[in-house]
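Number of protein chains: 2
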Amino acid sequence: MTRNHTPKSLAVLLRARMHPDAIPSPPPQLSPTPPLTDPDPAAPPAASVRHWLHAAASAASPAPSTLDSFSDGYRSLDRVGRREVLRSLAIDYDVPRARVRDLMRQYMSVASAAAAGGDGAEAEEGKEGAAAALYRMERGLREALRPRYAGFLEAMNAQPGGLKLLAVLRADLLALLGEENAPALRALDSYLKEKLVTWLSPAALTLHQITWDDPASLLEKIVAYEAVHPIRNLIDLKRRLGVGRRCFGYFHPAIPGEPLIFIEVALHKDMAASIQEVLWDEPPTPESEASCALFYSISSTQPGLSGINLGKFLLKRVIDMLRRDMPSVQIYATLSPIPGFMQWLRAKLASQIKLAETESQEGNSLEGASSTFRESILLPDEEKMIHDAIEQAHGKQGSELLQDTLKTTQWVKSEKLSAALKSPLMRLCARYLAREKIRGKALDAVANFHLQNGAMIERINWMADQSEKGIQQSGGIMVNYLYRLENIEEYALSYSGKGLVHSSPSLSQYLEQGIISAIGYLDQEDDSVPSFLCSLWA
Amino acid sequence: MTRNHTPKSLAVLLRARMHPDAIPSPPPQLSPTPPLTDPDPAAPPAASVRHWLHAAASAASPAPSTLDSFSDGYRSLDRVGRREVLRSLAIDYDVPRARVRDLMRQYMSVASAAAAGGDGAEAEEGKEGAAAALYRMERGLREALRPRYAGFLEAMNAQPGGLKLLAVLRADLLALLGEENAPALRALDSYLKEKLVTWLSPAALTLHQITWDDPASLLEKIVAYEAVHPIRNLIDLKRRLGVGRRCFGYFHPAIPGEPLIFIEVALHKDMAASIQEVLWDEPPTPESEASCALFYSISSTQPGLSGINLGKFLLKRVIDMLRRDMPSVQIYATLSPIPGFMQWLRAKLASQIKLAETESQEGNSLEGASSTFRESILLPDEEKMIHDAIEQAHGKQGSELLQDTLKTTQWVKSEKLSAALKSPLMRLCARYLAREKIRGKALDAVANFHLQNGAMIERINWMADQSEKGIQQSGGIMVNYLYRLENIEEYALSYSGKGLVHSSPSLSQYLEQGIISAIGYLDQEDDSVPSFLCSLWA
Numbered sequence: 001m002t003r004n005h006t007p008k009s010l011a012v013l014l015r016a017r018m019h020p021d022a023i024p025s026p027p028p029q030l031s032p033t034p035p036l037t038d039p040d041p042a043a044p045p046a047a048s049v050r051h052w053l054h055a056a057a058s059a060a061s062p063a064p065s066t067l068d069s070f071s072d073g074y075r076s077l078d079r080v081g082r083r084e085v086l087r088s089l090a091i092d093y094d095v096p097r098a099r100v101r102d103l104m105r106q107y108m109s110v111a112s113a114a115a116a117g118g119d120g121a122e123a124e125e126g127k128e129g130a131a132a133a134l135y136r137m138e139r140g141l142r143e144a145l146r147p148r149y150a151g152f153l154e155a156m157n158a159q160p161g162g163l164k165l166l167a168v169l170r171a172d173l174l175a176l177l178g179e180e181n182a183p184a185l186r187a188l189d190s191y192l193k194e195k196l197v198t199w200l201s202p203a204a205l206t207l208h209q210i211t212w213d214d215p216a217s218l219l220e221k222i223v224a225y226e227a228v229h230p231i232r233n234l235i236d237l238k239r240r241l242g243v244g245r246r247c248f249g250y251f252h253p254a255i256p257g258e259p260l261i262f263i264e265v266a267l268h269k270d271m272a273a274s275i276q277e278v279l280w281d282e283p284p285t286p287e288s289e290a291s292c293a294l295f296y297s298i299s300s301t302q303p304g305l306s307g308i309n310l311g312k313f314l315l316k317r318v319i320d321m322l323r324r325d326m327p328s329v330q331i332y333a334t335l336s337p338i339p340g341f342m343q344w345l346r347a348k349l350a351s352q353i354k355l356a357e358t359e360s361q362e363g364n365s366l367e368g369a370s371s372t373f374r375e376s377i378l379l380p381d382e383e384k385m386i387h388d389a390i391e392q393a394h395g396k397q398g399s400e401l402l403q404d405t406l407k408t409t410q411w412v413k414s415e416k417l418s419a420a421l422k423s424p425l426m427r428l429c430a431r432y433l434a435r436e437k438i439r440g441k442a443l444d445a446v447a448n449f450h451l452q453n454g455a456m457i458e459r460i461n462w463m464a465d466q467s468e469k470g471i472q473q474s475g476g477i478m479v480n481y482l483y484r485l486e487n488i489e490e491y492a493l494s495y496s497g498k499g500l501v502h503s504s505p506s507l508s509q510y511l512e513q514g515i516i517s518a519i520g521y522l523d524q525e526d527d528s529v530p531s532f533l534c535s536l537w538a
Numbered sequence: 001m002t003r004n005h006t007p008k009s010l011a012v013l014l015r016a017r018m019h020p021d022a023i024p025s026p027p028p029q030l031s032p033t034p035p036l037t038d039p040d041p042a043a044p045p046a047a048s049v050r051h052w053l054h055a056a057a058s059a060a061s062p063a064p065s066t067l068d069s070f071s072d073g074y075r076s077l078d079r080v081g082r083r084e085v086l087r088s089l090a091i092d093y094d095v096p097r098a099r100v101r102d103l104m105r106q107y108m109s110v111a112s113a114a115a116a117g118g119d120g121a122e123a124e125e126g127k128e129g130a131a132a133a134l135y136r137m138e139r140g141l142r143e144a145l146r147p148r149y150a151g152f153l154e155a156m157n158a159q160p161g162g163l164k165l166l167a168v169l170r171a172d173l174l175a176l177l178g179e180e181n182a183p184a185l186r187a188l189d190s191y192l193k194e195k196l197v198t199w200l201s202p203a204a205l206t207l208h209q210i211t212w213d214d215p216a217s218l219l220e221k222i223v224a225y226e227a228v229h230p231i232r233n234l235i236d237l238k239r240r241l242g243v244g245r246r247c248f249g250y251f252h253p254a255i256p257g258e259p260l261i262f263i264e265v266a267l268h269k270d271m272a273a274s275i276q277e278v279l280w281d282e283p284p285t286p287e288s289e290a291s292c293a294l295f296y297s298i299s300s301t302q303p304g305l306s307g308i309n310l311g312k313f314l315l316k317r318v319i320d321m322l323r324r325d326m327p328s329v330q331i332y333a334t335l336s337p338i339p340g341f342m343q344w345l346r347a348k349l350a351s352q353i354k355l356a357e358t359e360s361q362e363g364n365s366l367e368g369a370s371s372t373f374r375e376s377i378l379l380p381d382e383e384k385m386i387h388d389a390i391e392q393a394h395g396k397q398g399s400e401l402l403q404d405t406l407k408t409t410q411w412v413k414s415e416k417l418s419a420a421l422k423s424p425l426m427r428l429c430a431r432y433l434a435r436e437k438i439r440g441k442a443l444d445a446v447a448n449f450h451l452q453n454g455a456m457i458e459r460i461n462w463m464a465d466q467s468e469k470g471i472q473q474s475g476g477i478m479v480n481y482l483y484r485l486e487n488i489e490e491y492a493l494s495y496s497g498k499g500l501v502h503s504s505p506s507l508s509q510y511l512e513q514g515i516i517s518a519i520g521y522l523d524q525e526d527d528s529v530p531s532f533l534c535s536l537w538a
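Those protein sequence lines, which keep their order, are chains A and B. The opening residue of the first sequence carries number 1 in the UniProt record's numbering; numbering runs sequentially from there. The opening residue of the second sequence carries number 1 in the UniProt record's numbering; numbering runs sequentially from there.
No lab work stands behind these hints, which were simulated from the structure alone. Nothing here was measured: the structure is a model prediction, and the numbers come from that model. Take these hints with a grain of salt, some might be off.
Dumping the calculated SDA-like pairs for lysine to any residue here, alpha-carbon to alpha-carbon at most 20 Å [to be verified]:
| hint | chain 1 | residue 1 | chain 2 | residue 2 |
| --- | --- | --- | --- | --- |
| 1 | B | Lys312 | A | Pro160 |
| 2 | A | Lys316 | B | Asp68 |
| 3 | A | Lys195 | B | Met137 |
| 4 | A | Lys127 | B | Ala184 |
| 5 | B | Lys316 | B | Asn487 |
| 6 | B | Lys469 | B | Gln276 |
| 7 | B | Lys312 | A | Gly161 |
| 8 | B | Lys195 | A | Pro253 |
Put together the whole structure using the sequences plus the hints.
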């Protein structure tokens, strides 16, 4: 591990300590794109960087000095300059289409000649020759179908510091794609992502347990990049690396001193039901008594590696290591946020309220058509409890009251409101996690991550994360995903193949409760299939 | 580094110590293919291994347990079984040709439609759509042109121990290709090699200085794999890792505890002219007085990685590191073997003697035609010296006498013979190194390696390696290649582009001596261009 001590090494830690509630942001030198303002007057213009790009992309094996000039030049460009270079890379060093078409024509004629060959020894020999020609031409076609920037990207990756530069470049590209979704840029992103997946193969990554003995320059990065439960001060950090806790990072030799992704683990007697127990409750369980390894945070550090699933392999290796080192641990579970729950619920409430308004304006004239889209989000009991809890209901529907209530996080402070919201939020959260899908996958990104790795949904926990962020994201609910070692492969396969979500009986209770009450409720109005069993979010 | 202590850890060292002249061979567990005899009766048959191959190669993401079963099964197969599996891999999981042809037809029609599009805003929009379609189809074609085993190889590489298995598999494949040069097997080798180059990108490799403090299991491998100057005993090994010496290995995270390639360096006052000075002369130069870093051995450890140039990057990184750590070192040079010299010379002598015989039998009738192929290997002075040194010449030509003499290594023991051979062997060796080419590259593999990395030929040294192997390979001559930091990039480019070999004035002397004398000599017979300036070895 390179010990790259800068005078700023402890700055982030100290700053975080001074302002315990501040969410630390990545230190400035780590941010991918410098701001538009304040360009360095001594920096080379984009034209020079494009010149080096041309020199590097045209050479069979680009000189290291050219690649270095490109890297330094690119890093010093402002946003506009970087975008100019990215567009040039995507368009000027594209797939050589004329060559591809020529090779295809040749290939098609050889392939049909090979298929038309006769019998006998001579034909046999001809077939062998034709097979050899096909293999050669397929190789040629594979080569020609590579964009001309392929060689440049590969040479850059082989260069010291090159992988990091490519990660920065992709982060810039993703930002650009957000504004300008051009086919050439999309193709560059797709190609670069594919290469990064290969280069960042788990075989090339090293697992390292991060401890209090690691260099401050590394710990600084843990503080800066912890995305799930921000590290508030030195004491918080030290506890996360101390007794009853583990932190593992995945490192790549080309990016030393900085994990690409890291995971935090708590060793407990039981599966914890709130983040409070994990982060703050003292003292920790003696390690010899721990029977549950609880993964409570996974953070990746490189925005440019977005979409590359390193977490899956990290989790697998950490489980393997803990199994070997801590035979007393029998339960491998997470305590995870549900980042999309509230966003989904708010959208759901808004659309249903709008549908209800339209219906009442049109005097139920479209009843047959609209009722297939309309659903009652709340069960009758839940409606009643919410009405009872709110004094000034002004004759509003339960869903409108819920929408109003969830606009801020103030409801947490009222015991009555909290009690009234618990039942609907827990039920809807179970449904959101286990039923709501997009393209056959769980809508919630964290749920999708763990389900595709072979976990099941074990338990949802009320008031498990009472931080402002926790209440805003998921009404304070957190979820335990459980990795049952004997089922991991099977669950991963049935989820990726058939979209099957495995969940525990405790979760099924919430889901059935919805169905039974809803059917009862809907029966009073019509007898169609409860529409909320189909996802409206797909 | 994994400390994989086996009871055998020191066995090789101890055995080597007991038999100081024995060349240690790799320990049995490292040899890629088990012998044909003595198959394990409990081992699974090739059919089971093919079954796992099928399960793994058919799945979108193969289960780790299936890949493990394949690995274990493959390793336990004998040679015949392994070859059956390799053939199945190459043929049954080949490129899906029908799909490739379908996609090509679609691509060609979209590409011509895109080219035929008109002007105006609508056409512009159509063009954007067509461009997006082309990119998508190119991606699809790249995907379809990948052999169906591609996904299997990638999943295997991502698996713990998978990279090593793939290296074993390629070593087996190379051995099979030596006997059965089928197009499908060649295509598999070419594809696998391409993937290995990507996976073993220098960005994924870690440089580690190997010292006497490293685990015995690692040092054992250095002893086993040192291919240039075998390590004779523990004292020899300890000296190579001690004061005035360096040993650096390139490690991949997926193959821990074993370098893929390693290099040995001696720190001297001057560029050493014999391996004796490097390996045996005592005491070493104090490091503060060293001004020359001499690379005297590079060995790679994985036969399955043959043809993948890891040495180039290793050398570059070691030079960079030494430049930083040892500013007093000004000269970066090698003391290298010339593994192909004697083989080339013997072939040259044999063909020239045969040509001369044919000519004398046919009574010079074909003089005009044959003289363009015939050349005098020895200069007149050299002929004379060899005749004088050999008592029973029996009226033989100098080249015949040289051929006879070089059949054994006994000539080294005769002072008179050695003195007579020095001049022709040194001159011919300079010519062999600097002039003899194959496909535009130096015929000698070690020369080609250093020249393509940007070195120049600085000096050849008489009686520099008096070991049996050294005399047999190169008549005891060794060569210093010099890396001039300011010229490395330029020399590498002009060698790879134009086949230009840079050499010092001392080497040019030998080369010119040949030309001048030869022209004088040939003038007596005919006035054609001296034919030995053109390579007959291409």
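**OP:** Any hints from earlier that this structure breaks? Give me their numbers in increasing order, please.
**Re:** none
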